[in-house]
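S.K.: Chain W is already provided as a structure; the job is to place chain H on it using the hints.
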Amino acid sequence: MSLKKNILALRQKKAIVEKGGGDKAIEKQVAMGKMTARERILTLLDPNSFHEYDLFVEHEERNFGMDDKVLAGDGVITGTGTINGAPICIYAQDFTVMGGSLGLKHARKITKIMDHALKMKVPCIGINDSGGARIQEGISALAGYGEIFYRNTMSSGVIPQISVILGPCAGGAVYSPALTDFVFVVENISKMFITGPNVIETVLGEKISQEDLGGARVHAEITGNAHFYAMSELECLEQIKELVSLIPHSNLQKAVKVAPKKPTYKKNIENIIPADPKQPYDVREIIYALTDDSKFLEIHELWAANIVIGFGRLNGETIGFVANQPMYLAGVLDCDASDKAARFILYCDAFNIPIVTLEDMPGYLPGVDQEHAGVIRHGAKMLYAYSEATVPKITVILRKAYGGGYIAMNSRHLGADFMFAWPGAEIAVMGPEGAANIIFRKEIMEAEDEEAMRQQKVQEYIEKFANPFVAASKGYIDAVIEPQETRELLLHALEVSKLKDDHRPYKKHGVPPF
Amino acid sequence: MPENKIDTTELVDFAVTARKYKTLLTKKYKNRKVWIEPNPLEIQSFIPGTIIQVSIEENQIVKEGEPLLILEAMKMRNRIEMPFTARIKKINVNVGDRIPKDTVMIELEAIEE
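Chains W and H are the protein sequences, given in the same order. The first sequence lines up with residues 1 to 514 when you count with my numbering. The second sequence lines up with residues 515 to 627 when you count with my numbering.
Next up, chain H with everything else stripped away, as it sits in the complex:
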């Protein structure tokens, strides 16, 4: 039967509905991913992998559905397509780059149609 002393200096206010409780946080809770609203003008990698091909250039206007680049992951060449017609503002990846998941590969700029 271990003596369990709570380290009161580590206690935080923890809100569950309208009441705040004094409690300790777990490591996993502290490291949880905070949700960020997705930005439709950023094209992110959905899987970690390698850039095999970049088919567009900066400032180019690309139509919805046209190929942007090829991201190879798990022996599969994934064709990344333009989600909607827009201008390519910035390309953050080069052929041969190995990128983690959720990397912003391409930044877009909305255009008046």
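The following block holds chain W by itself, in its conformation from the complex:
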């Protein structure tokens, strides 16, 4: 055979496998409102940048009638490519091939591309669309999952790992996304659960739909398993592109710096926060007023909305923002908010992203449900994450900083590099009303007009303590600043922190309150 003939034969062979499960299965996939695995990869990556490997891998199962079954690519597409020029490794499970079920060879294709990503120090993106373990392969499928989880863990904190849930992802399969840094879900398409509605109904008699049990919205709003929530696959793929542009390719690098831009936000930053400390506002407006081009990529927008986390740029450099959100639950810290912020802080620290903390919080959320849910150990995660982080850490106290929350929100005492406070900041052990009730209990009780005395004492407390100057007098606050100066000061603080060199005692790893 001439080489020309061989080339033609190769092309034919490729064309067949690239069809995945064939026309009928593809039709079904499209009817479910889903893109095919290949379309997803090609849409996400830069044009002509995708290169596939292991196209001709085949399964070796001989039992249960599998010996004569040909599964294109064993149900998963793997390869490398670029997103806006950034190199990445990628895999996408192909639901048209036996429901995207995971057998040993399918898993080995995934672990091979994961090994590659870790060695080459590039991000790894996994697109999940699979019915789960290939039952016919029995324990070999479980082995496959385990090998993936192990690599997820080895890669954690070394390369960014992104999971995209574009179909069912049930049983053991959910643990790979859970171990990765960012999980993307799409309304009506993503489904994640450990045990599905059928099992739950059979075993426990509880009836629930797939959507209510583990749909996209549930994971974006209730469980916090998903970081990004989109209404369509295309929107989701755009979100991934934006995220990839903001994060470094590995822990050995910094995020790519882009040309600095001024904020486009028009409102005067001084007018965002209401004068009455009991009135809410949207803290994201403060972020918009500070970031380059007023852009901010929010993570976990719906879950634990009382704290805001995400990436924005300052002077072209990627910054992780952590901000209390007075608009929801008065901006308190609770189990979920602590959990959300702590993992984000760990991420930023692992990937050399400086952290800017914007603080306006009344304390930890009181309640039996919180105490019983373990707010002590969840809250401790924040203390741990901030203390452990060695990236530049800057805090701006916008308004309230009370009690344990003051300590937790990257205080000087946990190692903040710069502590700024706006002139209206109230830094105190608790709100003035609560403090006055305790400190002046006797005076208030003995007064003829208790209420008048209480008001007088509250006022006294506010004047004496509910301001930034007590903390500034002790050096806990470096500077009391005008809101207008905030951006320039942040840029400056980041500039002088560039070569920050901070070390931790040698350890294998810490033992954080998980």
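Heads up, some of the hints might be wrong.
[Said to hold, decoys possible] Here are a few chain H residues that face chain W, going by a calculated C-beta distance under 10 Å:
no., residue
1, 560
2, 562
3, 566
4, 577
5, 581
6, 613
No wet-lab data here; the hints were simulated from the structure. Computed from a predicted structure; not experimentally measured. Backbone N, C-alpha and C define an ideal beta-carbon position, used for all residues, glycine too.
M.R.: The following block gives chain H in isolation, referenced to the frame of chain W:
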């Protein structure tokens, strides 16, 4: 940069220590389980499952530690025992019932010993 307008009609008074803040509530917060002091005279299911056996009758006095019923859950037959000696006031479950978690299965009545 989305315009973020706060829907002021949804704002509630939210007490954190002695001060009340105007704020919105999250869905999860609204749906949180309100704590109820447990009643020692009610025997509740600690796990969802199926009643396999009921070993007692109403009005019977049962001694502490004696078996009351068997609740099968996760392929395990859990023997539910009498927490203290008392009279069985009411049995709310039958053999074959599939019950959710925290169902009051048996109501007790204290007796003078």
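S.K.: Against each hint, give a clear statement of whether it holds in the structure.
M.R.: Here is what the structure says about each hint:
Interface restraint check for residue 560 of chain H: the shortest CB-CB distance to chain W comes to about 13 Å, outside 10 Å, so the restraint is violated. A cut of 10 Å between beta carbons decides the hint on residue 562 of chain H: the least distance to chain W is about 4 Å, and the hint holds. With a cut of 10 Å, the hint placing residue 566 of chain H at the interface with chain W is violated, because the nearest CB-to-CB distance is about 14 Å. A cut of 10 Å between beta carbons decides the hint on residue 577 of chain H: the least distance to chain W is about 31 Å, and the hint is violated.
With 10 Å as the threshold, the beta carbon of residue 581 of chain H stays out of range of chain W, its nearest partner Cβ sitting at about 23 Å, so the hint is violated. The restraint placing residue 613 of chain H at the interface with chain W holds, with a minimum CB-CB distance near 7 Å, inside the 10 Å limit.
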